Amino acid sequence: MFLRRLLTRIATTLVTLLGVAVIVFAVIRIVPGDPVAMMLPPGATEADIARLNAFYGLDKSIPEQFFIWLGGVVQGDFGTSITTRQPVLGLVLSRLPATLELSIMALVIAVALGGLVALTGTRLRYTRTEGALDVANGMALSVPDFLWGLVLILLFGVLWPVFTISGRVSPQLVPEFATSFFLFESVVRLRFDLWLDLVQHMLMPALALAIPLAAIIGQLLKQSLKETMHLDYVTLARTKGYSENHVILREALRNAVLPTLTLIGVQFTFLIGGTVIIERLFSYEGLGNMAIDAVINRDLPLIQGIVLLFALLFTLVNLAVDLLYAVLNPRLRHA
Amino acid sequence: MKLSRRSLLKMSAATVTLSVALPAFAQAIDELVIAYNVNLPSWDPTVGPSAVNPTIQGLYQSVFDQFILQQPDLTPAPGLLTDWGWNEDRTQVWMDVREGVKWHDGSDFSAEDVAWSLARAADPATGNPIQFVWGTLANHRVEGNRVIADVAQFDPTIFKWMYFLTGYVLPKAYYERVGAEGFEAAPIGTGPYKVEQYERNAFVRLRANADYWNGVPEFETVTIRFVTDAASRVAEVESGRSHVTLEIPYEEYDRLRDRSGLAGVAAPVSDIAMIFFNDIDVMLDENVRRAAVHAVDKQLIIDRLLSGYGVAISTLETPEYAAFDPTIEVAYDPDLARELLAASGYSTDNPVRFTIQTTRGFKPKDYEMIQAIVGMWRRVGIEAEIEVYEVARHYELRAADQLAPAAFYNWGNSVGDPTTSTGFAMFGPSPHSVWDSPDLIEMIGPLWAEPDEATRIQGWKDVSRYIAEHAYVLPLLQYVQPILHASGVTVVPHASGALLPHLMTRA
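Residue numbers (UniProt numbering), protein chains in the order written: chain A, 1 to 335; chain B, 1 to 507.
Some clues are possibly wrong.
Label-pair ranges, simulated between beta-carbon atoms [as the list claims (entries may be wrong)]:
no.: 1; chain 1: A; residue 1: 270; chain 2: B; residue 2: 351; range: 46 to 54 Å
no.: 2; chain 1: A; residue 1: 179; chain 2: B; residue 2: 152; range: 45 to 53 Å
no.: 3; chain 1: B; residue 1: 258; chain 2: A; residue 2: 172; range: 51 to 59 Å
no.: 4; chain 1: B; residue 1: 368; chain 2: A; residue 2: 172; range: 36 to 44 Å
no.: 5; chain 1: A; residue 1: 70; chain 2: B; residue 2: 196; range: 36 to 44 Å
no.: 6; chain 1: B; residue 1: 490; chain 2: A; residue 2: 19; range: 52 to 60 Å
no.: 7; chain 1: A; residue 1: 108; chain 2: B; residue 2: 368; range: 23 to 31 Å
no.: 8; chain 1: A; residue 1: 70; chain 2: B; residue 2: 177; range: 52 to 60 Å
no.: 9; chain 1: B; residue 1: 152; chain 2: A; residue 2: 70; range: 57 to 65 Å
no.: 10; chain 1: A; residue 1: 312; chain 2: B; residue 2: 439; range: 24 to 32 Å
Per the computed footprint, the stretches of chain A lying under chain B, defined by three or more beta-carbons under 8 Å from a beta-carbon of chain B, are [as the list claims (entries may be wrong)]:
no.: 11; segment: 22 to 29
no.: 12; segment: 83 to 92
no.: 13; segment: 133 to 144
no.: 14; segment: 278 to 287
no.: 15; segment: 292 to 299
no.: 16; segment: 307 to 316
Source of the hints: derived by calculation from the structure; they are not laboratory data. Predicted model only: the values in this text are computed from it and were never measured. Cβ atoms here follow ideal geometry from the backbone N, Cα and C, with glycine treated the same way.
Please model the complete structure; the sequences and the hints are all you need to start from.
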């Protein structure tokens, strides 16, 4: 049963990716902005335009271009970037780890902050502290991540410059690692100086991404917890003489966390999307930063590669959340 | 590496201490850090969009030399070519090559490199966007220390292109050995700095070229960080993490330049703001065009919107350009504008209507400038509707000659020749011109191949005067580039807008 569901999801994922590929390919060719027109200086003639169009394979019809590209993708060739003249797949994969590490760090911070807010709010429910937390939560939620980024830059980059506000790692410390998962690999290699430097660079962008998500998690988890606290089995635990902390953490949390888990899955995909602006703001060398450059330069093959990879990430995260939800929820597990 | 809890705590404390240390501008500058406003997508300065991106040229010129050196005031000077010219009947060009120059890998630079670079640029297969210029030379050959090429089509500006876009000398033997990918991974040039480390979208670390033929740069190490967001660049310099930055809002520049430890330099660059008129609809009426030109108070726009950072212009030639003529002046005269419109039956009660296209945020205050201009026009009897588009859309529409009757644009011409400003912008057959009237085509046509330099330049001045008299375009202003820097460094601005670390010294 489980295997069948998994196979169905994988098949759905493939169809989704194909749909994304078709839409992205068509849309970026329909919207205004011809990469060759942007590249040519004013003195160019029609013949020069035709020559460069042919050079970049843009002289063929859109369906023809699509099938050439799709044929390459199936064989692992995503084309060559117009601006960098490098293979798209290599470019995208070299930047993906940076974005993943940033997103995961943001998620960890969001879960920690949101969880703390929810647990504290539940423990101190119907007190002034809960009211204060609700106000803070509302503020965190009403400000978008890029504005949090600007606030953090001003606070911790200019007024009290304790954190680095641009880049991923100090130029003097760039490692020659086997992978681009610098944060992970620095721990494995016991390079804690590098690890600290990486964290120092990532903390501000990760926090900017995390704050709105933390507010959402805090709000939903607290609501779920408060509802769960009225259920019979929780009352039974209280009558057994367990402390309030025990009741919340050991009895109520496990059931209350399920809706939050689904939300985290959905929100994580939005969080990855949010990296596009945040990476730009903090000059973080991830996929999002590269995506903006690709759009500005109308680097069609690179835009296609990045969007397809983002789509793959989104579908994989959703798949993982569904599977995790099934594992944690006994009703689904035994369905 | 052994790590105890105590050592980890020590390390953390040290990191925090270093982080809160005094801003860099308060200390002697050892390693120069520049917060640059664009990313560097590719190291080949002759191919792809980055090859024609004016802002990136400063990065390229740190590593590679151009055929001919361009000085900060845009004038040429001997570079890798020490002398150059045409033969008597202009069927050949000759170029003498500097001796004793080394590539960054220690190998000798030679005339072969120059000939190969020129031939490569002229080869359509390489995808050089300026191939149509380099293709005017053919049959490149080396005779001793001299490179000779046949003139396939006479272009009086060919040597000017040798210090303009894609006019770089690349290493023949090295490139052929490592290929395009190898060159991207480890580029070498003959320029003032060697590439020590490069992280795409993050930074490039440069090391001074101890063998540089034009003097070793003062800063041994320079890190150029790609900080594309203007607010982040301001924060970089304000916090002392970077020593130099550019392209920041004028308000921020004014706020910070007098702050202790910081300084600024703001000089005109070769970029201008202009409004194209398309030869369609109401723009075919000369009274409307002239009224639109005379109704705009350019100085007011500069003072109010650009904090005074700009130079009002009456033609597409700025004072640094070869064909600048200070006697051509188009005055702000709203009364004359009203009279001209009245002659065509328009007034504030019966305004002439058309669309003006503009970008928003592509250049400083572009949309705000157009808003102000539309307000000025309204007062004399012109009702213009603003349409915002992306710059990519502008290029596309301009190439298809489908721009609105008026369209804002900024034109860069770091070589300072009239062909690459007035010429390409106003010559009808060019796919990038907007005004296509036959009178102008007839006037400009002979200048493309005029061999006598004085006649050629005078010809372009006459064209500029003719354009101003008939209001075929609305030149607005020359941009001023603000560079904010630590007071410990002296920055020499380059009129091309390129920020060149080898021109920076300790103050």
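Comparing the hints with the structure gives:
1. With their beta carbons about 47 Å apart, residue 270 of chain A and residue 351 of chain B fall inside the hinted range of 46 to 54 Å.
2. The supplied range of 45 to 53 Å is met by residue 179 of chain A and residue 152 of chain B, whose beta-carbon atoms lie about 51 Å from each other.
3. The hint said 51 to 59 Å for the Cβ distance between residue 258 of chain B and residue 172 of chain A, and at roughly 32 Å that hint is violated.
4. Checked against the hint of 36 to 44 Å, the C-beta distance between residue 368 of chain B and residue 172 of chain A comes to roughly 42 Å, which is consistent with it.
5. For residue 70 of chain A and residue 196 of chain B, the Cβ-Cβ distance of about 40 Å falls inside the hinted range of 36 to 44 Å, so the restraint holds.
6. For residue 490 of chain B and residue 19 of chain A, the hinted distance range of 52 to 60 Å is satisfied, since their beta carbons lie about 57 Å from each other.
7. Between residue 108 of chain A and residue 368 of chain B the beta carbons are some 42 Å apart, a value that contradicts the proposed interval 23 to 31 Å.
8. A hinted range of 52 to 60 Å is violated for the C-beta pair residue 70 of chain A and residue 177 of chain B, which are about 35 Å apart.
9. A hinted range of 57 to 65 Å is violated for the C-beta pair residue 152 of chain B and residue 70 of chain A, which are about 41 Å apart.
10. For residue 312 of chain A and residue 439 of chain B, the Cβ-Cβ distance of about 58 Å falls outside the hinted range of 24 to 32 Å, so the restraint is violated.
11. Here the segment 22 to 29 of chain A counts 0 residues with a CB under 8 Å from a CB of chain B, which misses the bar of 3, and the coverage is violated.
12. Given as covered by chain B, the segment 83 to 92 of chain A passes the check, having 5 residues with a CB less than 8 Å from a CB of that chain where 3 are the minimum.
13. A count of 0 residues in the segment 133 to 144 of chain A with a Cβ less than 8 Å from any Cβ of chain B is obtained; the coverage claim is therefore unmet, three being the minimum.
14. Using a Cβ-Cβ cut-off of 8 Å, 6 residues of the segment 278 to 287 of chain A lie near chain B, which meets the minimum of three, so the contact claim holds.
15. Counting residues of the segment 292 to 299 of chain A whose beta carbon lies closer than 8 Å to any beta carbon of chain B gives 5, which meets the minimum of three for the stated coverage.
16. Against chain B, the segment 307 to 316 of chain A contributes 0 residues with a C-beta closer than 8 Å to a partner C-beta. That does not satisfy the three-residue criterion, and the hint is violated.
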